[in-house]
Amino acid sequence: MSDNLINIKNLTFGYGKELLHKGINMEFQRGKVSAIMGGSGSGKTTILKLIGGQIKPKSGSVVIDDQVVHDQNLSGIYKLRRKMGMLFQHGALFTDLSVYENVAFPMREHTDLPENIIKDLVLMKLNAVGLRGAYKLMPTELSGGMARRVALARAIALDPDIIMYDEPFAGLDPISMAVICDLIRTLNDALGATSIIVTHDVAETFSFADYIYFVADGVVAAEGSPKQLMASKLPFVKQFIHSEKDGPVPFHVAAPSYNLDLAL
Amino acid sequence: MKSLINFFEKIGYSVTSRIKRLGTATRLFFLILISSGESFKRFHLTMKEIYFTGVMSLVIIIVSAFFVGMVLGLQGYYTLEKYGSSEAIGVLVALALVRELGPVVTALLFAGRAGTAITAEIGLMKATEQLSAMEMMAVNPVGRIIAPRFWAGVIAMPILASIFSMVGILGGYVVAVIVIGVDEGAFWSQMQANVDFRYDIVNGVIKSLVFGVACTIIALFEGFDAPPTAEGVSRATTRTVVTSSLVVLGLDFILTSFMLGG
Chain X
28 MSDNLINIKN LTFGYGKELL HKGINMEFQR GKVSAIMGGS GSGKTTILKL
78 IGGQIKPKSG SVVIDDQVVH DQNLSGIYKL RRKMGMLFQH GALFTDLSVY
128 ENVAFPMREH TDLPENIIKD LVLMKLNAVG LRGAYKLMPT ELSGGMARRV
178 ALARAIALDP DIIMYDEPFA GLDPISMAVI CDLIRTLNDA LGATSIIVTH
228 DVAETFSFAD YIYFVADGVV AAEGSPKQLM ASKLPFVKQF IHSEKDGPVP
278 FHVAAPSYNL DLAL
Chain L
358 MKSLINFFEK IGYSVTSRIK RLGTATRLFF LILISSGESF KRFHLTMKEI
408 YFTGVMSLVI IIVSAFFVGM VLGLQGYYTL EKYGSSEAIG VLVALALVRE
458 LGPVVTALLF AGRAGTAITA EIGLMKATEQ LSAMEMMAVN PVGRIIAPRF
508 WAGVIAMPIL ASIFSMVGIL GGYVVAVIVI GVDEGAFWSQ MQANVDFRYD
558 IVNGVIKSLV FGVACTIIAL FEGFDAPPTA EGVSRATTRT VVTSSLVVLG
608 LDFILTSFML GG
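Taken in order, these protein sequences are the chains called X and L. First residue of the first sequence? That's 28 in the numbering used here, and the numbers climb one at a time after it. First residue of the second sequence? That's 358 in the numbering used here, and the numbers climb one at a time after it.
Chain L on its own, in the form it takes in the complex:
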């Protein structure tokens, strides 16, 4: 009987602590929105963070996108060839990238590269009392440190996702047209005819914006909430990647359902 009570106690504790963390994260999200004036009034603070989260992520985004595009070109060609429609390879690559892989893979890479950096930086700032020092200088850390990083993530993500899609299409082009020899005109014209700006490109951008908000707020919250120890920061960094990845995949399904349904 006692072990049964302990079992339910553990489940209860786990559930309530998760709800508590969700509440704290939501509170931080609203605090960021309230304190965002500084991020736009002193836009150089946000620009600096766009450089760190966006520009510094370019290498991993471009290299990954090129390989993803090449793999799509290769796999797509051998599947489409069976049905005698290998000219449709351009549209397959473009739709797969613009609708799904661009926003999703970019968000996963962003969480691994920029998200972890944000969490570790904020966590270490907390552990080394830099955030307390700022508070004691009558400077709100949420407005000065957290909000510029949030907006930088939100702005950088759709741009990175767009670059991912463009480079991915280029990778598909290299494999399909240059290596395999699919007709170049068919590759581009099919893409032009079948990729819709509103339903494909804009929806992809909306997805990456939502992923930008989710990944950045998770990274910031984990850093801000991390126990001020080496172990605490390390665990928070891991949680950033795991939570961001799961949230991105979950949100992707929900958004896709709405977008296809609409």
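Bound conformation, chain X alone:
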């Protein structure tokens, strides 16, 4: 069995003629927490969609457990997705279902478990994210952080091999952020899963991730452990980590001369 659960090889993807990814190579090791970082619009979330088979690459491949994702038919992709759990940016909870029913949803859809077992499992998953006491609430009654935790409980409902997180820290207060950070690491280790996080929150990600990829201009601009990247001399990595407003990523969007625009 290979050390890598997911291999992305020479991946290119784009909408229309514009290429968003121009030959991405990534390897995600089993049991590790890996992060994909980069500026807004760099195609981080698109990589998760490519891994989940929601979109097809123009060239290159995404291989999960020796299976090429985009070579599968729909039932093959659905079979692969049963090994995955995904936490969406704003949770994507089903608003017509209670917290309990949201977590029970994947179990009801994919198993024939009796109701008493489903109840036990749902309460266990909710307990793992600290929200057993909120099982009766509706999604509209939850705070942003709580909704994210319920979505996490739903993502791990069927004990997936791969857990993907799309901007798990976006819009959260510092306490909720710390809770989510802790949960990502703890659940990954407890379930023996492989986690991939798409984010641009440097401090949080560097505190618990095992390996980090920086994506810029459609390629992997840098990669390594948090320690290696902290010591990196690459201008883009330095600008990103130290939140410098100008650098390889310019402050100004490309535009004609200022004087020309102001007719001076």
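These aren't lab readings, by the way, just hints derived from the structure by calculation. Being a predicted model, the structure only gives us computed values, none of them experimental. Be aware that one or more of the hints could be misleading.
Simulated coverage check for chain L against chain X, where a stretch passes if three residues somewhere in it have a Cβ under 8 Å from a Cβ of chain X [claimed, not checked]:
| id | region |
| --- | --- |
| 1 | 444 to 450 |
| 2 | 579 to 585 |
In silico DMTMM-like links for lysine to aspartate or glutamate, alpha-carbon gap of 20 Å or less [as the list claims (entries may be wrong)]:
| id | chain 1 | residue 1 | chain 2 | residue 2 |
| --- | --- | --- | --- | --- |
| 3 | L | K398 | X | E168 |
| 4 | L | K405 | X | D200 |
| 5 | X | K83 | L | E486 |
| 6 | X | K163 | X | E128 |
Backbone N, C-alpha and C define an ideal beta-carbon position, used for all residues, glycine too.
Following the hints, complete the assembly by docking chain L onto the known chain X.
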């Protein structure tokens, strides 16, 4: 010359984009039919939607039907009276409702009440990534979300149209018999003698079934196809009402031509 080219380009774009949307809607219709097994195997999913689209529409259907029936009774009486046949008011009210107004007005009200709710719900589910989340959980959204709503609409529409006709007749009865004083026996017996089960009632039910398919598929398609933004969902909801109303009126003419011709 350039403006002429632009003019034709605009027309061409408008026509091709409409054809494209029609193709996408047709594709969705067949996908629903293919994925419908779940809607019947787990009928509680469809029942829940029948409650939301059908039962929740009852108030507007009953109130509208009662007023439509009363207006028909009033207008019909004053027209028929001129020809000395005011006893025929019962059959006029019943035929107008069972053949035309029942199915058509129900479909228009359904598009405004349930159709918009379906479009907004599906559009918002798309905008808030609920449909993507379902896909990522290896659950087909067409089978789990779209198909139960489709069958709920198809089942609810003929029932709502029947209720509309019944309540409308009751409204006509209140005005004609109780308020104006037309003979009660003549009101009901003329209706019984002249309303044919096969040609009037069954044809009305067939119409409402066709309208049910049309209105529900339009509402579902608009929601499913809506850009995932507030503006996109709002425009899609408006399109649902406009398109459904025009399609219902157009289909009504076509169906009536066939039914009268047959």
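Cross-check of the supplied hints:
1. 444 to 450: n = 0 at 8 Å, threshold three: violated.
2. 579 to 585: It is violated, with 0 qualifying residues against the three required.
3. K398(L) <-> E168(X): 32 Å, violated
4. K405(L) <-> D200(X): 37 Å, violated
5. K83(X) <-> E486(L): Roughly 19 Å between the alpha carbons, so the hint for K83(X) and E486(L) holds.
6. K163(X) <-> E128(X): With Cα atoms ~9 Å apart, K163(X) and E128(X) stay inside 20 Å; holds.
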